[in-house]
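Colleague: In case you want the letters, here they are:
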Amino acid sequence: MSDIQAETDLFFVRQKVVEPMPPPTRSSGLIGWARANLFGSVFDTILSIVGITVALLIIIPLVKWALIDATWVGDNREACAANTAGACWAFIHANIGQFIYGRYPDPERWRVNLFFLLLVAGIVPMAIPSAPFKQLNLLYIFIIFPVVSGLLLVGGFAGLPEVDTEVWGGLFLTLVVSYVGMALSLPFGILLALGRRSEMPGVRAVCVAVIEVARGVPLITVLFMASVMLPLFLPEGVNFDKLLRALIGVSLFASAYMAEVIRGGLQAVPKGQYEGAKAMGLNYWQMTRLIILPQAIRIVIPGIVNTFIGLFKDTSLVYIISIFELLSTIRNSLADPVWATSTTPGTGLAFAAAVFWIFCFGMSQYSQYTERRLNTGHKR
Amino acid sequence: MKIKFLPIVAGAVLALATAISAASAGTLDDVKAKGFVQCGVNTGLPGFGNPDSTGKYTGFDVDYCRAVSAAIFGDPDKVKYTPLDATERFTALQSGEIDLLVRNTTWTESRDVSLGFAFTGVNFYDGEGFLVRKSENVAHVKDLDGASICVQGGTDTVTGLADYFKQNNIKYNPVVIDKLPDVIAAYDSGRCDAFTTDSSALYATRLQLKNPDDHIVLPEIISQEPLGPVVRANDPVWFNVVKWSGMALLDAEYLGVTQANVDSMQESTEPMVQRLLGVGNNDFGKSMGLSPKWAYNIIKGIGNYGEVFERNVGMGSPLKISRGLNAQWTKGGLQYGIPVM
Amino acid sequence: MSVADAGRTSSPGVNWLYKPAVRQFVIQAALVVAILGLIAWLVHNTAVNLADRHIASGFGFLNQRSSFDIVTFLPLTAEDSYGRAILAGLVDTIIVSVLAIIIATIVGVLVGIARLSSNWLIRALSTVYVETLRNIPPLLVILFWYLAVIAALPSPRDAITLGSAISLSNRGFYMPKPIFGAPFVWTVGAFAISLVVAYFVKRWASARQMRTGTPFHSFWAGLAIVVALTLIAFVATGAPLSFEVPVKTRFNVNGGLTLSPEFTSLLLALALYTASFIAEIVRAGILAVSHGQTEAARALGLRHGTTLRLVILPQALRVIVPPLTSEYLNIIKNSSLAVAVGYADLVAVGQSVLNPTGQAIEVVAIWMTFYLGLSILTSVGMNIFNRRIALTER
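Chains as they are written, first to last, in this note's numbering: chain A, 1 to 380; chain B, 1 to 341; chain C, 1 to 394.
Hints listed in this document are in silico derivations from the structure and should not be mistaken for laboratory results.
Think of the CB as a built atom: it goes at the ideal place given N, C-alpha and C, for glycine as much as any other residue.
Some clues are possibly wrong.
[Said to hold, decoys possible] Subject to a maximum C-alpha distance of 35 angstroms in a straight line, what follows is the list of computed DSBU-like cross-link-like pairs (lysine-lysine): (1) Lys-171(B) <-> Lys-243(B); (2) Lys-166(B) <-> Lys-202(C); (3) Lys-142(B) <-> Lys-333(C).
[To be verified] Pair ranges (Cβ atoms, derived): (4) Leu-152(A) <-> Asn-383(C): 31 to 37 angstroms; (5) Pro-22(A) <-> Glu-295(C): 26 to 32 angstroms; (6) Val-380(C) <-> Pro-187(A): 30 to 36 angstroms; (7) Leu-152(A) <-> Met-315(B): 44 to 50 angstroms; (8) Leu-118(A) <-> Asn-254(C): 43 to 49 angstroms; (9) Phe-43(A) <-> Val-380(C): 19 to 25 angstroms; (10) Val-149(C) <-> Asn-168(B): 56 to 62 angstroms; (11) Ala-34(A) <-> Asn-383(C): 43 to 49 angstroms.
This is chain A alone, in the form it adopts within the complex:
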């Protein structure tokens, strides 16, 4: 023992673990990050330099135009005409009421505000997965809210003056068109998708025809048909509101796209679920309602939201039939001599782009969130 002790005395035995050396400065911190992510190779370095140049070429003029050189206050074109190098935000500020409400009469605008409030009250709890009362919420979204807000916005009873759909416009109308499109396309899309997967050749043929025709032609032609030809198809004297006709066109179009999304979900439900439901003695509608649809729709929520995004963007096309949603309201006000300068069109379009972008980006983020949430359940 002591022998060994004597021998080992010659050696130093370290009692503690050595602290790891800091990594070389070139691979850590900002420099390391830059080396790994920006200057990994010669090719990478070239790419980065090109990238930085492009980014600066875009960002600097954009910031200058939108912020530094912009005109923020003013009552008419005089303020902006002198300064054409920057955006004319005063124009947006002066017309914001028109951009939101269209030509909805001033004293009645509280009705539109109430509509916005009711809309948020329906959508927000629906979008939060853990919020309670989902069935009630669905009832509200698909039946109560549309009826109540329809009555509220049109008016003509109980002291509410009637407001023609003729004067509806702006962001408010964009939301109305897209909401109706969304709320109608879901049930009709489900019906069409079920029909397309039906065992009955007659039903299948009809649904395939409707879906493929609606998906094969541009929305503009569908809207044009709804606007100018629908009245010719109906008996003389039967006429209905132009906005309503546009809504029918938009909903029909969106339903066809929705049907294809839902069909994807129906196909993804394992066959065993169908067989199991039938073995339990459920009839077709019970099986569909209780077993298949809840699973199918859950799977395709991201696809549904993406269809909604497409629909929201497509509302900008109703301008073809002279219905003034957000984009066309803005474009019309560009021609207003009070504000016409060479920088006004850019400003108006930038504002429209920002509004559309906020809504669509919000929806797409929600879609990605749902996708991640759904994925966790299937993780292997």
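Starting from the known structure of chain A, arrange chains B and C on it as the hints suggest.
Modeller: For chains B and C alone, kept in the frame of chain A given last:
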């Protein structure tokens, strides 16, 4: 079974459809029943048909809608407006969506014949003109050789333009855009050297440009553009109501009846005035399905032709269009009212 | 009759109404009758309305003189018929769609790969591009190019020029237009033949590499063959090619080859907007290829670019092509937004025809037929392509 079933159902549906279409009455009765005139107007042409920020429409064409309303209801404001652009306007009228179209629409043979329309008269004698930049130093249309010319699609100015340049053997590059605000924006942004449309609309357009003073309207008029109200040709009763609402405006100016003096003119001893205003036992409204005071109501509501012209497009308005061809025939113009007798 | 069937058909208590076959028949018959009835009703109404209002109908108007001037790729004058005008519109739609599809595919694939780049900056830039373009309406993108970019270019007088032949202004992009003499067909023929030759060289080279492992630079060889053969034919036939140079006139630049602002803004907008969707499809497709494939390729010593080209993309293509097809269809449909800037596509020309003739039903029928036809053609083509690249499993 399918084969038996089909004709029966189809037959029933057809019978129902025929029943419904047979049940609809004439336009005048429809209008009286619903309580307003549905009038198709321009989506926005200052001076002719233009909504203000509250959605209230004003203009020369709009006043014709109001005249019809005054003739029927005694109140010029029982009108609902449908803003229409050039492409939509005819289908809207054909389909019955509107009762009446007053949207600076040119009277042409094909519109009368193959579109199934009837023009009730000419409320504005117009012609196609050109708007150019002063800086281009263009004095005449013929100087526009090789120029880019902006024109609104779906209008007969496209045809007028093609005809004139072909006839004069001049080359040009047409830029055809569908919506009026878009065409004006394209011209204003420098896409085109000239902008062409009815000359009346040119004056309105000029006001919408960034710097109106940089632009001039060329002196030439290259086509005939008689503008007027349009109705469907299949309803002579309604046609007469609209036609005579316009005539009453012209007759009133000819006879010196104005919005201000219409009440005192009722005491006039002149038989022409008495017939127009339905004084005494004169009742020309009855045969049209209107009240005896139909013309009185129009003039009381909106004034005579001259007043309507001056208020909306004349020298008193921002457009500053002179009467020219639209003066009364007694003053060298073409406007000639058909007498009420 | 099997035991299971016996129970079904002979149960005496079941009303015949509950037999699935009968019920299916009744449901289908009812649906078909209802739809036919609806169609009959609409047709009847329309016929009554048209007759009642003395509206002309039928396709006779297609032969009438159009009497409007529209700038299209097919030469068109006021003397031509409405039918030819519509045909010119269709050609314009096809031209802008095909070009937009090509550009969108190239940009989309590049951006999609860039989205997965190891370079942070490139990744960030491509993400910003995709997220911006995807979330605004295509109409706005078109207007942005038309009203904010091209309109901001200088007037023809102060045009940006490159030499005297090429100029860029707010009237468009002008360049010399090649004029081909009659003997030019020989050059084209030589070009076609050289392509075939190059293809066989490529096949031979691949086969030899498979057999012996000796590589052969078939790309460069092929390029040399194509260039040499074509050039020889071109020179031998006396260089039958001249250029029409655009000439500056008082107002405009005339002659030469022009890319009009309307065409350019529509093309760029369609291509760049759709590219953002294609980028996402390509990215998802690449991510769907198992990482083991990349690792195996790297282990074999393939370079990064070669791995991407020969291993990743061919496998990703199977996931990419079906959604890519629907993006192509979207380009065709979105090309109808041309009407907003006055590019004379099918819809815009249709509207011009609609006004003087007033025949809305016929014009809309023409639109729908042509768009459906284009969509079906594209789908069929892409489906054939898809079948060729589909995974052939043992």
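Colleague: Hints first: check each against the structure and report whether it holds.
Modeller: Cross-check of the supplied hints:
no., hint, in the structure
1, Lys-171(B) <-> Lys-243(B), "violated, 41 angstroms"
2, Lys-166(B) <-> Lys-202(C), "violated, 56 angstroms"
3, Lys-142(B) <-> Lys-333(C), "violated, 40 angstroms"
4, Leu-152(A) <-> Asn-383(C): 31 to 37 angstroms, "violated, 49 angstroms"
5, Pro-22(A) <-> Glu-295(C): 26 to 32 angstroms, "holds, 31 angstroms"
6, Val-380(C) <-> Pro-187(A): 30 to 36 angstroms, "holds, 32 angstroms"
7, Leu-152(A) <-> Met-315(B): 44 to 50 angstroms, "holds, 46 angstroms"
8, Leu-118(A) <-> Asn-254(C): 43 to 49 angstroms, "violated, 59 angstroms"
9, Phe-43(A) <-> Val-380(C): 19 to 25 angstroms, "violated, 40 angstroms"
10, Val-149(C) <-> Asn-168(B): 56 to 62 angstroms, "violated, 35 angstroms"
11, Ala-34(A) <-> Asn-383(C): 43 to 49 angstroms, "holds, 47 angstroms"
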